[in-house]
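Use the sequences and the hints to build the structure in full.
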Amino acid sequence: AYIILKENGKPDFCLIATGSEVSLALDVASALKKRDKSVRVVSMPCWEIFKEQSDEYKNEVLGGDLGKRVSIEAGVSMGWGQWIGPDGIAISIETFGESAPMSDLQAEFGFNVDAILNRLLA
Numbered sequence: 017a018y019i020i021l022k023e024n025g026k027p028d029f030c031l032i033a034t035g036s037e038v039s040l041a042l043d044v045a046s047a048l049k050k051r052d053k054s055v056r057v058v059s060m061p062c063w064e065i066f067k068e069q070s071d072e073y074k075n076e077v078l079g080g081d082l083g084k085r086v087s088i089e090a091g092v093s094m095g096w097g098q099w100i101g102p103d104g105i106a107i108s109i110e111t112f113g114e115s116a117p118m119s120d121l122q123a124e125f126g127f128n129v130d131a132i133l134n135r136l137l138a
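In the numbering used here, the protein residues as written are 17 to 138.
Below 20 angstroms or equal to it, Euclidean Cα-Cα: the simulated EDC-like pairs (lysine to aspartate or glutamate) are:
(1) 49 x 81
(2) 53 x 23
(3) 49 x 28
(4) 53 x 28
(5) 50 x 23
(6) 26 x 76
(7) 22 x 72
(8) 84 x 130
(9) 22 x 81
(10) 26 x 52
(11) 53 x 130
(12) 49 x 130
Estimated spans, in silico, between C-beta atoms of each pair:
(13) 65 x 134: 29 to 35 angstroms
(14) 95 x 52: 30 to 36 angstroms
(15) 69 x 123: 33 to 39 angstroms
(16) 39 x 117: 15 to 21 angstroms
(17) 116 x 24: 33 to 39 angstroms
(18) 25 x 91: 29 to 35 angstroms
(19) 116 x 79: 38 to 44 angstroms
Hints were generated in silico from the structure; no laboratory data involved.
Cβ coordinates follow ideal geometry from the N, Cα and C atoms, glycine included.
Written out as structure tokens, the structure is:
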């Protein structure tokens, strides 16, 4: 895992995403910044490799008070608790097998910028 967008001041949110969801996380961060929120975005392509890193590095990336921690993954939320904590928000898709145009599925499952903003700012 590594920081791809560093917060300005004390972060309000830390968005942690994998793979193709990193671009969505960056879009959400951009929208949050327009609302005067400080945001860190972390790309976490592999939990196992991140776990093997030094404690110093892990603390640099995900240590301390990072505001509300949010995972964004187009998959199940199982396992994300170790990174977002009990008060974090998991943006996930808990079902399988839907077929439709991507934009329709994203809207249906709340996997777009507006839906995520609604959850984070509620």
